[in-house]
Amino acid sequence: MKKLIYLLLLLPLLHCNKTDDSPGGGDCEVLNVLPDIPGWSVDVIDCLYTFGYNVDYFYFFDKNNGYARGSTLVHSTNGGNSWPVVPNFPNQFLSNSRLISGAFDGSLKVLYDSIESSLTYQVLVSTPDMGQTFTKKVYDGQWPLTRLAFIDESKGFALGFGQDKFALLETNDGGENWDEIQGTDFPVVNSVNELVFKTPDFGYVFMGQTKYAYVTTDGGANWKTVSADIAQNDVNFYFDTPSRYFATSSQETVRSTDGGATWQKIVDYSIYILTMKGDDGVAIARDPDCPNLGIAYAFLTTTDGGLSWTWTKHTDAAISFVAQELEPGTYVIHNSVGANQFIWITKD
Numbered sequence: 000m001k002k003l004i005y006l007l008l009l010l011p012l013l014h015c016n017k018t019d020d021s022p023g024g025g026d027c028e029v030l031n032v033l034p035d036i037p038g039w040s041v042d043v044i045d046c047l048y049t050f051g052y053n054v055d056y057f058y059f060f061d062k063n064n065g066y067a068r069g070s071t072l073v074h075s076t077n078g079g080n081s082w083p084v085v086p087n088f089p090n091q092f093l094s095n096s097r098l099i100s101g102a103f104d105g106s107l108k109v110l111y112d113s114i115e116s117s118l119t120y121q122v123l124v125s126t127p128d129m130g131q132t133f134t135k136k137v138y139d140g141q142w143p144l145t146r147l148a149f150i151d152e153s154k155g156f157a158l159g160f161g162q163d164k165f166a167l168l169e170t171n172d173g174g175e176n177w178d179e180i181q182g183t184d185f186p187v188v189n190s191v192n193e194l195v196f197k198t199p200d201f202g203y204v205f206m207g208q209t210k211y212a213y214v215t216t217d218g219g220a221n222w223k224t225v226s227a228d229i230a231q232n233d234v235n236f237y238f239d240t241p242s243r244y245f246a247t248s249s250q251e252t253v254r255s256t257d258g259g260a261t262w263q264k265i266v267d268y269s270i271y272i273l274t275m276k277g278d279d280g281v282a283i284a285r286d287p288d289c290p291n292l293g294i295a296y297a298f299l300t301t302t303d304g305g306l307s308w309t310w311t312k313h314t315d316a317a318i319s320f321v322a323q324e325l326e327p328g329t330y331v332i333h334n335s336v337g338a339n340q341f342i343w344i345t346k347d
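Using numbering that gives the first Met the number 0, the first residue of the sequence shown is number 0, and each one after it goes up by one.
Careful: at least some of the hints might be erroneous.
As the list claims (entries may be wrong) - Below, computed lysine-lysine pairings styled on DSS-like, alpha-carbon distance capped at 25 Å: (1) K264 to K210; (2) K197 to K223; (3) K197 to K154; (4) K223 to K264; (5) K164 to K223; (6) K154 to K136; (7) K62 to K264; (8) K135 to K264; (9) K62 to K276; (10) K264 to K276; (11) K62 to K197; (12) K154 to K223; (13) K276 to K346; (14) K135 to K154; (15) K223 to K210; (16) K164 to K154; (17) K210 to K197; (18) K62 to K136; (19) K210 to K164.
What the hints assert, rightly or not - Pairwise CB distance ranges (calculated): (20) P143 to D278: 38 to 46 Å; (21) P37 to A338: 22 to 30 Å; (22) S307 to A260: 16 to 24 Å; (23) K136 to G304: 38 to 46 Å; (24) A230 to D257: 19 to 27 Å; (25) E179 to P37: 44 to 52 Å.
FYI, nobody ran anything at the bench for these hints, they're computed from the structure. All values derive from a computational prediction rather than experimental measurement. A virtual CB, placed ideally from N, CA and C, is assigned to each residue, including glycine.
Go ahead and model the full structure; you've got the sequences and the hints to work with.
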């Protein structure tokens, strides 16, 4: 039920002397340290575990307790510093597998994409007791699954890939059977997609290269189409509450406070919101006023529900990382290029 995303951010960090809260107003200089983000705490946990390759999936229940894909399934109880191997995990079944998605709610459900003897199939691995015992099921449905979100032990949702479309699927038996939810189609695009339940009732799904999403406020019983009033088609959404939404493209960011009925442009550039808690939020955005650095990104903060944003620190060396919003006001990043760290951003 918590948000897991894949991002491209830029590090090390820079400072650009600003004269106001809009882009512009000074030269940028390199600061090879993490920034202070006013009103937010930034904690860096050095990871002592060597994953063997980039971490393409992790999930934290809270700031201490999380799982990740290493050479097998690994479990941290100290915020990402160390990762002991989970005992009793059925590795022999998944030795040639690639973890592509997962969903947790007190119990653990992991979806693997497996290739064995030229046969491709998917495996849903579940544990009801935090890794003490596991069950596994080969998924052989007509829809290869690309995202998972479970709201309890039985009821879950997935984004499935069909012959000529993506669609939202539903299970009521813990993943044994999946049915298409009619009217939730997406075109076949090679772009980011997200399926998130922020609470058991409030969830959403969207894909890049479109400017619409499907939103539920009743645990998936009903889904409404939300279309962003934005010029470009390649849109990223951030759904803060059942009524407050954000949509951003390469040229503008818009906000709705009435569940997507109307939209207001807030800036003429793209803002990627990391997390919101009440009216406070933190985001990243490209700063058009630091051309001497090439591509430069900055952390931004808001205290008025995203209507206005204040620029803080800047970044300049591209790295890829995986990130997760645990809950409103709590965000974690795994930095895997040039460092092996988990970076926690939390509201003070």
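Structure-based check of all given hints:
no., hint, result
1, K264 to K210, "holds (15 Å)"
2, K197 to K223, "holds (16 Å)"
3, K197 to K154, "holds (15 Å)"
4, K223 to K264, "holds (22 Å)"
5, K164 to K223, "holds (19 Å)"
6, K154 to K136, "holds (16 Å)"
7, K62 to K264, "violated (34 Å)"
8, K135 to K264, "violated (47 Å)"
9, K62 to K276, "holds (16 Å)"
10, K264 to K276, "holds (21 Å)"
11, K62 to K197, "holds (17 Å)"
12, K154 to K223, "holds (19 Å)"
13, K276 to K346, "holds (7 Å)"
14, K135 to K154, "holds (17 Å)"
15, K223 to K210, "holds (14 Å)"
16, K164 to K154, "holds (23 Å)"
17, K210 to K197, "holds (21 Å)"
18, K62 to K136, "violated (30 Å)"
19, K210 to K164, "holds (16 Å)"
20, P143 to D278: 38 to 46 Å, "holds (40 Å)"
21, P37 to A338: 22 to 30 Å, "holds (24 Å)"
22, S307 to A260: 16 to 24 Å, "holds (22 Å)"
23, K136 to G304: 38 to 46 Å, "holds (43 Å)"
24, A230 to D257: 19 to 27 Å, "holds (21 Å)"
25, E179 to P37: 44 to 52 Å, "holds (46 Å)"
Hints 7, 8 and 18, counting from the list given before, are not met by this structure.
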